[in-house]
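Student: This is what each chain is made of:
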Amino acid sequence: MTNLIEVVLVLVVLTDFFLLGSSRLAACIRIVAIQGVVLGTLPVLGHLDNLTLRLVFLAVGSAALKAVVFPILLFRAMREANVRHEIEPFVGFIASILIGLGSLAVSVWVASRITLPRPVVSSLVLPVALFTILAGLFVIVSRRKALTQVLGYIVLENGIYVFGMVLVGEIPMLVELGALLDAFVAVLVMGIAIDHISRSYDHIDVDELDTLRG
Amino acid sequence: METRHCLGLILATPAVGAALCPFMRTQAGLLAWALGVVAATAVASGVCIHAVFAAGPLRVGELLHLDSLSAYHLGVMMVVYLLSSVYSIVYFHDADLGRRDATRYTALWLGALASMALALLSNNLGLMWVGIEATTLLTALLITVHRTPASLEAMWKYLLICSVGVAFAFMGTLLVAAAGSKAGEALVWTRLRDAVATLDVATLKLGFLFLLVGYGTKAGLAPMHSWLPDAHSQAPAPVSAIFSGFMLNSALYCILRYVPLVESATGGSGWSHRLLVAFGLISIVVAAAFIAVQHDVKRLLAYHSVEHLGIIALGVGLGGLGAFAALFHTLNHSVCKTMGFFCAGRLGQIYGTHDMRRMGGTLRSAPVWGTGLLASILALIGVAPFAIFMSELLIVKAAIDGGSILALVAFLAAGAAVFVAALRHAIAVAWGRPARETAFVPAGLLEVTLVVLPLGALLLLGLWLPGPLQRAIEEAAAVLAGGTP
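Protein chains in written order, with the working numbering: chain D, 1 to 214; chain P, 1001 to 1485.
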């Protein structure tokens, strides 16, 4: 099973890089959705010998949220705001990929220095979690469109999801459901916010949201 | 029915109340409904708080837990919410929101109450996080009741910065769960406290750093405070009042939950205390610098929040008497700031601006609100005999007792700078010449009460601390010190 898990983790890293290097928002929304589905399989793959109904239920629920609900909300926001591309981000796409490579190296190094309280299915899990968190944060601070920032936030949450699996194994059901619900509401509210912003500004460029200072 | 089942009522009442909002027809009806639901929640809270201080912590299974620390915070929250719900009626009296927006406003208002109550009542540290994150999302849309471009900008910053901050707090929560994996059911606060010796100290410390930065962002501690002045200044005044009066405290409360765990696990090394002192002092100094250059009265009050949350963190960090002083300060600051935003909001409506250079002579044109704003700024900068002066004095005493001379000097220097800067603003607003002639605006009985009641409480608490309140604060401080209540 470890092989399959490692394939999944490599896929997650590839989706991160795709997000860092792509300017087409539609493609970015799809790639983040794919990342959500891929991540959803992880807890199932990790517990193939002792699958519980609860695990399957949560995996299906989170995959449905990330692969169906989020894209619907985001595509709608994209249409309403009438944007297609991330144009001239604060950090260029080539530079973003290079920074991504750098943070991957950092993640691997940091992960090698942390001693985990419990055995992990694959030594790749922790570096991938850290890298995904860093990639999400980087997208949030380096992109101009509010919509891309939302994508960065979803990737950040994905990274924390993997991180939690490594650290805790089984998070209590209620907490996990609560966290999923919060993620859903977060994307919903951000979608509403983008809609409102595009109506009163005719754009969703966050660098032009700068009237409040001091 | 046992008293502990009232804990469920505290959560259910506002949640159900929010769900029923669409059935109300008018704006006045909605705002009255909100007040009624908040009052009912306050009654349930009152019963529980009384039971906690009379007979010890209440518990429902592993899920809900109300000890003296959370009961004290619950009390402060209900005071702030009750006052602000009454004020909502005054504030929106002449403004027609439209039924749709009014419904959204009251539903979110009550939803935010439910989620903050969840953060206070949950024994599970993961659910506590869920409550805080839900608070962020629900209150984000409250900022844009007046849908101006500036309020949208403030809302976006608030939403993104706090969501990312709170995501860090979730990582911290996970790290604490990992540190407590030997304690069995991870994340249950009472279990972690009882099994504190089995916690993995290094992981716990790493987790606390994430929690401090994460929840600290939401609590408005510098340098993570950048969202705060924007959100506070753009939100309608009743929302600013609950932001500043309790939402910041609810995030700080989450940090306080972890302090006794970290301190007992590290054998009382004072590691977490030193971090709190550092963040507290940075907040006080940064706020002092920004207060000097403010022209917008609501931004001025917002930076005062950064300062006072810093003072609370400083007090907890100093330990001993400092923890008592910090909790006392929490009540004083919340009451005072709530009233301050009430006055700033109404004066903003009367003058049509929040620019202090254009709203001179408030004492003449709107004596009630003008007096309230002047008094609240005087109280905030620590003028005796208001209660804030007393709690700050206690913090100074705690610093001297603990030998933290550096902290003392920084605190006093920044306090003096704030005093001079804010006093200049306050005098100009109270007695200055208005930019254009403003007609005298009379205030009704309700409005007078909203100023006199908090102001009277601040004066009274400054002169005399009632016995039951003092014992309540002492018990809450004992939880912070790691004692079993």
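Hints should not be assumed to be uniformly reliable.
[As the list claims (entries may be wrong)] Chain P regions said to be covered by chain D (calculated; three or more residues, Cβ under 8 Å):
| # | segment |
| --- | --- |
| 1 | 1115 to 1129 |
| 2 | 1146 to 1158 |
| 3 | 1170 to 1178 |
| 4 | 1228 to 1236 |
These are calculated hints, taken from the structure and not from any lab test. Small disclaimer: the values here were computed from a predicted structure and weren't measured. Positions of the beta carbon are idealized from the N, C-alpha and C atoms, including for glycine.
Student: Can you tell me if the segment 1146 to 1158 of chain P counts as covered by chain D, using C-beta to C-beta distances under 8 Å and a minimum of three residues?
Tutor: holds (count 10)
Student: Examine the segment 1115 to 1129 of chain P for residues whose CB is less than 8 Å from any CB of chain D, and state whether their number is three or more.
Tutor: holds (count 4)
Student: Confirm or reject the coverage of the segment 1170 to 1178 of chain P by chain D under the rule of 3 or more residues with a beta carbon closer than 8 Å to the chain's beta carbons.
Tutor: holds (count 6)
Student: Count the residues of the segment 1228 to 1236 of chain P whose Cβ falls closer than 8 Å to any Cβ of chain D, and tell me whether that reaches three.
Tutor: holds (count 4)
Going down the numbered hints, you'll see the structure goes against none, and every one checks out.
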